[in-house]
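Asks: Sequence:
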Amino acid sequence: MKLSLNIFRTFFLAVLFSLVLAACASEPNEGGEETEQDTGAEENGGESDSESSNGQDLTIAWSSDVKGIDPQGSNDVPSSNVQHNIFETLVTQDENMDIQPNLATEWEQTEDTTWEFTLREDVTFHDEAEFNAEAVKASFDRIRDEDIGSPRAFLYEMVEEVNVIDDYTVEFVTEFPFAPLPSHLAHNGGGIISPDAIEEDYAAMEEGEDPGSYIDENPAGTGMFKLQEWDSGNKIVLEKNEDYWGENPSLDTVTFQVTPEDLTRVGELETGKSDIIFPVSPSDTSRVDNMENASMYVQKSLSLEYISFNTQKEPFDDKRVRQALSMAVDKDQIVDGIMDGAATKAVAPIGENVFGFSDEVEGLPYDPEQAKELLAEAGYEDGFSTTLWTNDDRERQDIAEVVQQQLKEINVDVEIEVLEWGAYLDSTAEGEHDMFILGWSTVTGDADYGMYPLFHSDNVGEPGNRAFFENDEIDSVLEEARRAGDDAKREELYKEAMELLVEEAPMIYSHHDDYLVGVSDDVEGFWKHPNGIFQLQDVSISE
1 MKLSLNIFRT FFLAVLFSLV LAACASEPNE GGEETEQDTG AEENGGESDS ESSNGQDLTI
61 AWSSDVKGID PQGSNDVPSS NVQHNIFETL VTQDENMDIQ PNLATEWEQT EDTTWEFTLR
121 EDVTFHDEAE FNAEAVKASF DRIRDEDIGS PRAFLYEMVE EVNVIDDYTV EFVTEFPFAP
181 LPSHLAHNGG GIISPDAIEE DYAAMEEGED PGSYIDENPA GTGMFKLQEW DSGNKIVLEK
241 NEDYWGENPS LDTVTFQVTP EDLTRVGELE TGKSDIIFPV SPSDTSRVDN MENASMYVQK
301 SLSLEYISFN TQKEPFDDKR VRQALSMAVD KDQIVDGIMD GAATKAVAPI GENVFGFSDE
361 VEGLPYDPEQ AKELLAEAGY EDGFSTTLWT NDDRERQDIA EVVQQQLKEI NVDVEIEVLE
421 WGAYLDSTAE GEHDMFILGW STVTGDADYG MYPLFHSDNV GEPGNRAFFE NDEIDSVLEE
481 ARRAGDDAKR EELYKEAMEL LVEEAPMIYS HHDDYLVGVS DDVEGFWKHP NGIFQLQDVS
541 ISE
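Counted the way my numbering counts, the sequence shown spans residues 1 to 543.
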């Protein structure tokens, strides 16, 4: 039978999707996506080229550069924001997380483990290659290719086959019934790449190049924008795809400008040099809201901010030590003091707006005295010394300092190290850290994505499990949950997984951020998806 477009449950409270103009913040994340932003330049003020040409040129100033443009080559939110505009997915999720058509016009679950998708017939890639079922198969075969080593391969590891039925019909066969498949196909990792670009990328690999080297420089998707320029570390400029199959955007170009300093971004918004800035520090929201030419845009998110341990290193290989440090951190001080209330305390990896969350699960309490007892029991009565890494983000650095002070109360001496974003991701993926601060965005709205990449032993390192956490019981529960056939069973299993992860404490589950965006009053039609992706389709700039 044909699936209704609204058959997939809405995982969010109605308030989650109110497009509120108020005050709040966010920063680079993994996941999707995200955790979590977790670049380009053409000015829109003063004597800029964009004004002189009277074009619709949007400048977004944000804190971090992208890691890559290949949608299968990275799993951070900044990269996803750029990739989203170049590469399109078969289906997409609206602001209510309902599945909607995109490159596929309709779909049908023909058997428990078989899905069939009907494709659009009026689409071409930026390099003029034809979009069809063969192109879809080529993209999903590539992301599942072990030689590519995609950090997003876990999204589709349940897919056994992608079969071409005819030119515009493609079939996905999964190893087991997997209810969240459409949500996974909506993830940016499922962006369809030109088969010609894929062929060229494989050819480059044969010449000794890294996977994705060709696609990063020559990204060819079907999206409404295509790459104009990438000045690594400085900016990425996208230009309108004049041959786009859908409704063309009003914008001629979008520049993602790397501006690491919070106050510099605020100043650029105030002077009109930038049209959108992200993130806005909670301490700067009142300044933005009081601007004559701009205001705050606030969106609830699917993100988790966490402080992770390297569970393969002493003393963090001892659960009691991890519990002790978790119980020594006062999350209220972080949420109220640093985030200025623009966040919600986290109990476990997922929040109440994600399918699979249970409000019956209690987190570890703030209890420094019990923390000291646990350390003594683990053989660290006199404490120990360690390092805490963060990237160059103001809130994360502030959190690091608060955690440093709080852990000193239980005789744990913490040295803070600040790393550049790209080096930060690489080093934590290699397990070179003791402790680090990062974020994860559960972009699918389903607990499978909020737990399986972060905690399953198959995903240690770059895919998400930077805690290098390995636990057979949790592996088993997460595997059973993604195979369960009905929602009630899945909810029961994810409750169990939450309880186990609170007990094992591979990380300190700090808080769920609000997205805090500064937006010029001249910008119309902008909104930010709860998964962290800027929505630019309907954006225009008033004269």
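Honestly, the hints are just simulated from the structure, not real lab data.
Treat the hints with care, as some may be off.
Said to hold, decoys possible - 30 Å max Cα-Cα, derived DSSO-like pairs, lysine-lysine:
#, residue 1, residue 2
1, K331, K345
2, K489, K313
3, K372, K408
4, K313, K240
5, K345, K372
6, K495, K331
7, K313, K372
8, K313, K345
9, K319, K345
10, K331, K319
11, K319, K489
12, K319, K372
13, K319, K137
Asks: Given the hinted pair K319 and K372, is their alpha-carbon gap at most 30 Å?
Replies: With Cα atoms ~14 Å apart, K319 and K372 stay inside 30 Å; holds.
Asks: Between the alpha carbons of K319 and K489, is the straight-line distance 30 Å or under?
Replies: 28 Å, holds
Asks: Hinted pair, alpha-carbon criterion (30 Å max): K345, K372. Please report holds or violated.
Replies: 23 Å, holds
Asks: Hey, K331 versus K345, does the alpha-carbon distance stay inside 30 Å?
Replies: It holds: about 7 Å lies between the C-alpha atoms, which stays within 30 Å.
Asks: Holds or violated: are the alpha carbons of K495 and K331 at most 30 Å from each other?
Replies: 22 Å, holds
Asks: Hey, K331 versus K319, does the alpha-carbon distance stay inside 30 Å?
Replies: 20 Å, holds
Asks: Is the Cα-Cα distance between K489 and K313 30 Å or less?
Replies: 35 Å, violated
Asks: Mind checking the alpha carbons of K313 and K372 for me, to see if they're no more than 30 Å apart?
Replies: Holds, at about 20 Å.
Asks: Take the C-alpha atoms of K372 and K408, compute the straight-line distance between them, and say whether it is at most 30 Å.
Replies: It holds: about 11 Å lies between the C-alpha atoms, which stays within 30 Å.
Asks: Below or equal to 30 Å on CA atoms is what counts here, so check K313 against K345.
Replies: Since the Cα atoms of K313 and K345 sit roughly 27 Å apart, the hinted pair holds (cutoff 30 Å).
Asks: For the pair we were handed, K319 and K137, check the Cα-Cα distance against 30 Å.
Replies: Given that 30 Å is the threshold and the Cα spacing comes to 44 Å, the pair is violated.
Asks: Just to be careful, I want the Cα atoms of K319 and K345 compared with a cutoff of 30 Å; is the pair within it?
Replies: With Cα atoms ~22 Å apart, K319 and K345 stay inside 30 Å; holds.
In summary, the numbered hints that this structure violates are 2, 4 and 13.
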